[in-house]
Every structure is written in structure tokens, then in C-alpha cells.
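**Q** The chain contents come next:
Protein chains: 2
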Amino acid sequence: MNVDRAHFEAELDQRKHFIEAHLQRYLGGETPRPGLIHEAMHYAVMNGGKRLRPILVMEAARIAGEEPDKVTPTACALEYIHCYSLVHDDLPAMDDDDFRRGKPTCHKVYGEANAILTGDALLTGAFGLLAANSELEGIDIKDVLQVIQEVAQAAGSRGMIGGQVIDLAGDACFSPAALSELHRLKTGELFKAALRAGAILGKMKNQDLEALTRYAYSFGLAFQITDDILDVSGDQTLLGKPVGSDDKNARITYISLYGLPGSIEKARQSVQECLVHLSCFGPEAEFLRNLARYTLIRTF
Amino acid sequence: MNVDRAHFEAELDQRKHFIEAHLQRYLGGETPRPGLIHEAMHYAVMNGGKRLRPILVMEAARIAGEEPDKVTPTACALEYIHCYSLVHDDLPAMDDDDFRRGKPTCHKVYGEANAILTGDALLTGAFGLLAANSELEGIDIKDVLQVIQEVAQAAGSRGMIGGQVIDLAGDACFSPAALSELHRLKTGELFKAALRAGAILGKMKNQDLEALTRYAYSFGLAFQITDDILDVSGDQTLLGKPVGSDDKNARITYISLYGLPGSIEKARQSVQECLVHLSCFGPEAEFLRNLARYTLIRTF
Chain A
1 MNVDRAHFEA ELDQRKHFIE AHLQRYLGGE TPRPGLIHEA MHYAVMNGGK RLRPILVMEA
61 ARIAGEEPDK VTPTACALEY IHCYSLVHDD LPAMDDDDFR RGKPTCHKVY GEANAILTGD
121 ALLTGAFGLL AANSELEGID IKDVLQVIQE VAQAAGSRGM IGGQVIDLAG DACFSPAALS
181 ELHRLKTGEL FKAALRAGAI LGKMKNQDLE ALTRYAYSFG LAFQITDDIL DVSGDQTLLG
241 KPVGSDDKNA RITYISLYGL PGSIEKARQS VQECLVHLSC FGPEAEFLRN LARYTLIRTF
Chain B
1 MNVDRAHFEA ELDQRKHFIE AHLQRYLGGE TPRPGLIHEA MHYAVMNGGK RLRPILVMEA
61 ARIAGEEPDK VTPTACALEY IHCYSLVHDD LPAMDDDDFR RGKPTCHKVY GEANAILTGD
121 ALLTGAFGLL AANSELEGID IKDVLQVIQE VAQAAGSRGM IGGQVIDLAG DACFSPAALS
181 ELHRLKTGEL FKAALRAGAI LGKMKNQDLE ALTRYAYSFG LAFQITDDIL DVSGDQTLLG
241 KPVGSDDKNA RITYISLYGL PGSIEKARQS VQECLVHLSC FGPEAEFLRN LARYTLIRTF
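Which chain is which? The protein sequence lines are A and B, in order.
Anchor point for the first sequence: position 76 equals 76 in my numbering, and the numbering is continuous, going up by one each time.
Anchor point for the second sequence: position 134 equals 134 in my numbering, and the numbering is continuous, going up by one each time.
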């Protein structure tokens, strides 16, 4: 169950750069008017993120036998949605964070009103990109519409936003089941939408699509648990955010429910589940297997 | 250039009720979980609005020869977008309004964080509805994708949101041209998207679609000028908001640029332009003609 860190990080980096070149392109090389909002959108997106969601979109398409190039608008749309959610989460009325990945948050640079609008613009632009994917040759427009509906569902009031609402309500008596449900909504749903989007556009057969969907939830869990672990044991410089912030914010985490050793064990179990879900695939799913394994050794 | 107020208001009311029945349905009859966000979405949408944008969607479809029933998801999506923009505009970081149409604004009832998320959820849900329109019989899915792209453009950083950013920047030296541009972005673009959406789904021929597009901009202008006029001369009870708020907020308006008589004249000119743009249509466009005429006598 090992993954070569240096080798895998180089692979992640390569994909990240590919996606960032496309993000740059969609954000506009020239300066669209009005300048301020486009500058703020650029700031919010080109922020050193891991680009996990677009990587998942492209990887699922590749496994389905489609050229990853054919799903770049959709991949970037998922990143827009992730970035908008971070901009809004950081707002004073929400988590009130001044820094993200070591840089001042969007509202610290552009003000609160513009940050709200920047998030709105990224969310709106995301759906424009999803629809624009229909213009690429070989893409079935019926599949594009299915992707738009699934993304809207996953990112909406019964998905990611619903999770955020539950999190904000801040019920201090989360049961283990409620915590899982919270994270399924907050992060799992968008991971699922990313993988399914690439797979659907790549015409993956239903049975494999179901396997990938199950992988998405287990991967989301592994990712969230290791996020909680990093918050207590990570390196602030690498993380780009203060360590111990969950504790400071009195957040219920896997650590507060299961302790550090128990959380590490739970993360391992989730990764194991990821591998089981991928057992219907051959070597073509090795990147996704490694990505799951990598969550256990990631430092940021 | 007259319209029978009582008769036309009854017609508007009938359409409004039809749309509200569908909005209710899309918002969910049962109580979807999590309850809070769905309650807040309901509050933000079922707020006594005029439902102009969905009325425009359905009317354009009807003129194109399509059953208005076939575009109700799209019609309601446009209303979701309008409502989300109001929820975010009212936020303390934006216009900081406590009341809208005589009721406490969303953030006064549900708190700022939930109001931000409510807007986000309506915007996300809007695109889900636009895509869902493809499921209705007789609708060409290629047209649905075009509508999604046009709506994303009109509501996005180069459309409605761009206008909001310019407005917030609050340049006190707006030229008449800059004020027109501001309102084209802030309100005209979404009116245009509404009319074009219905027309595109109804397979209206290009030349007529262009005429309708020009009508949309002139109608937006007439609507905005009469909005400014109502702000100085309207009845607070009917408007549901304080009269004189533009002046209080030191906003540049048509009144401050052209005075009241000059603004009334400009509104008349815009309505005249609306009628000219509709000259390629016969009696089937009479409702849109009356709608333009009605802006001059509306009281709310």
C-alpha cells in the first residue's frame, strides 16, 4: 500500500500545471471589463491550489477511454466551483479567515462586497464552462446536460451548500454518523461530481461509473480525515494555514471524535475501501489508486 | 400609446400566479434536508416579486409558437437568478438593506452566512433548472445548451455581476453613457437573457430573435428609468421600500442626470423604441407592447 512520494508528486505537479494553463486561458488573457472583478476572479483561482477536482475529472475521462483534453472546460468548471466556495467560506460572516494558502483571502484584498461577487461570478462562469464543453468535437451534448444537472445537484442545497449550512449551524453533538454525512455533503459530493463528470463525458459504462462513485465517497472521507490529521500534526509553512485552527474554532473533527491514532486508522480504512472500489479496473486506474494512497502521506 | 391598467394588471397577475405555482413546486413541496437552507430559499423566492423575467421567458416562447408550459423550468431559473441577486445585493457588505417589498431581508431573518449560502444555492439551482428543461418533450437539447451559455454570460462577470461591481465602485462622475452601460449590465442583460431563452427554446427565427433582443435593452432602460422615477415620486406602501433611497445613498440616477421631467421624457422615448423593435411582429406581440407601455404608468 505504498506510493513513491517524489514520483507521485511530480505526476500531480505535471497535471496541476496543465490545468492551470487552461484556467489562465478561461479567466481571460486580455483584461476583460470591468477589470476589478476579473482581477479578483484571477486572484481567487490562481492561488496555488492542488487542483484535485479537475485532476479527477480528467482522470475519469482518461480511464473511460476519452482524451483528457476533451473535458478541460468541465475540469476547470469544477475548480471554479471549488474556488468560489473557498472565497465565500472565508468571508467574515462565514469562517472569517484572513489567509488561505499563505496569501490574504479575497475579501482582505478586494473587500467583502467584491469577494461575494467574485464567488458569484466564478459559480456562474463554472456553468458557462460546463455548457461550453459541448462545443468540443466528439462530446455528446446529452452527456453535457447530464453533467450540468449532476454538478448543480452536488454543489447545491442538497450537496455542498447543504453541508456548509449544517457545518455553520455548529451542532456540538455530532455523532460519528452525522460527521460522515456532513463531510459527504461538504467535500464528497463535489469529488463525486468531478469523477462522474469526466466518466460520463467519456461514456464510461454504468457499472464502472458506479464503482467510481463509491471510490469518490471513500476518497472524500480519506481526504477529510487526513485534513483533520494535518490540522493537528501538519507543518504550517507547507499547509499555508495555521495548525490547530479546528481546535481554536471548537470544530468537531475526526480527531475530537476518534483521537489521532484512531483517525489515522480510519484514514487507512478509507484508503483500503478506495482500492476495493477500483478492483473492477486494471492498470488504467493506477493513478487513482496512488492518489488514495497518497492521502496518507501528504503533507499539505 | 395607452394601456388599460386594470385589465393589464389582471393579466400580469394571472401569469404571476402561474409562475409562482411552478416556483413552489421546484422549491420542494416536502421539506428537503437540510431544512434551514430550503426554508431560506423559499423565503427569498416567494417574496411577492413581479416575476417579470419568467413572464418574459414564457411570452417569448409563446410568440415563437411554443407552448409556454414547455419553458417553465427556464422561466423559474431566471427568477431564481433574479432572487439570488437581490439576496446578495441586500447584504450588509453590499447595499445593507433591512427590508425588501416590506418584509425583512433574507439576512435579517436567517443571518448573513445563511443569506450568502441561500443566494449561492439559488444560483446553483437555477442552472439545474435550465438543464432540466431538456427533459421536456419537444425541446431541442442543443437549444438548452445555448440558453445555459447565454444565461451564464448575461448573469456573469461581463453581465449582471459586472454591473454590480461598477455600481459598488460608486464612481460619482457617471456620464449619461456610463449610466446607460451600468444599467444595461445590471438589469438589461438578464431581461435580454430571459427573452432570448424563451425565444431560442421556441425556435424563433434569427431575425425576430434580434428584434426581441433590441426590445429587451429598450425595455430594460424604460424599466430602470421608471424605477428611478418611482424612487422620487412613488408610494412607499405600494413600492415596499422607502421612497428617496437613491438620494439618501447618493446614487447617480436618471433623475440626478436629467431631472424628473427629463427622465419621464426619456422613459417615453425608450417605450417608443420598444414598440419600434416589435414592429416585425403582429398581434402576437401585443402583450410585450403593453408591458412596455405599462412601465410608464406602473406604481410599483
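You may find that some hints are simply not true.
All copies of an identical chain are treated as equivalent in the list; a pair is satisfied when it fits inside any one copy or across any two copies.
Claimed, not checked - For lysine-lysine, the following DSBU-like pairs were computed, each having C-alpha atoms within a straight-line distance of at most 30 Å:
1. 103 with 70
2. 203 with 266
3. 205 with 108
4. 266 with 108
5. 266 with 142
6. 16 with 50
7. 203 with 108
8. 70 with 108
9. 70 with 142
10. 108 with 142
11. 205 with 103
12. 50 with 70
13. 70 with 266
14. 103 with 142
Hints in this document: simulated from the structure, not taken from any laboratory.
This one's a predicted model, so the numbers in the text were calculated from it and none came from an experiment.
**Q** With reference to the structure, classify each hint as holding or not holding.
**A** Hint check results:
Taking CA atoms no more than 30 Å apart as the test, residue 103 paired with residue 70 passes in neither setting, with 33 Å inside one copy and 48 Å between copies. Taking the shortest Cα distances, residue 203 and residue 266 never come within 30 Å of each other, neither inside one copy (33 Å) nor across copies (55 Å). With identical chains, the CA atoms of residue 205 and residue 108 are never at most 30 Å apart, being 46 Å at best within one copy and 48 Å at best between copies. In this homomeric assembly, residue 266 and residue 108 never come within 30 Å of each other (Cα to Cα): the closest approach is 36 Å inside a single copy and 41 Å across copies.
For a Cα distance limit of 30 Å, the shortest separation of residue 266 from residue 142 qualifies neither inside one copy, at 39 Å, nor across copies, at 46 Å. In this assembly of identical chains, residue 16 and residue 50 lie within 30 Å of each other by CA distance solely inside one copy; the values are 7 Å within and 46 Å between copies. In this assembly of identical chains, the alpha carbons of residue 203 and residue 108 never lie at most 30 Å apart, being 43 Å within a copy and 47 Å across copies at closest. Neither within a single protomer nor between protomers do residue 70 and residue 108 lie at most 30 Å apart by alpha-carbon distance, with minima of 36 Å and 45 Å respectively.
For a Cα distance limit of 30 Å, the shortest separation of residue 70 from residue 142 qualifies both inside one copy, at 15 Å, and across copies, at 18 Å. For the identical chains of this complex, residue 108 and residue 142 are neighbours neither inside a copy (41 Å) nor across copies (41 Å), given an alpha-carbon limit of 30 Å. Taking the shortest Cα distances, residue 205 and residue 103 never come within 30 Å of each other, neither inside one copy (42 Å) nor across copies (51 Å). Proximity of residue 50 to residue 70 under the C-alpha cut-off of 30 Å is restricted to the intra-copy arrangement: shortest distance 21 Å within a copy versus 42 Å between copies.
Within a single copy, residue 70 and residue 266 get their C-alpha atoms no closer than 36 Å, and across copies no closer than 49 Å, so neither meets the 30 Å cut-off. Taking the shortest alpha-carbon separations for residue 103 and residue 142, neither the intra-copy value of 40 Å nor the inter-copy value of 42 Å comes in at or below 30 Å.
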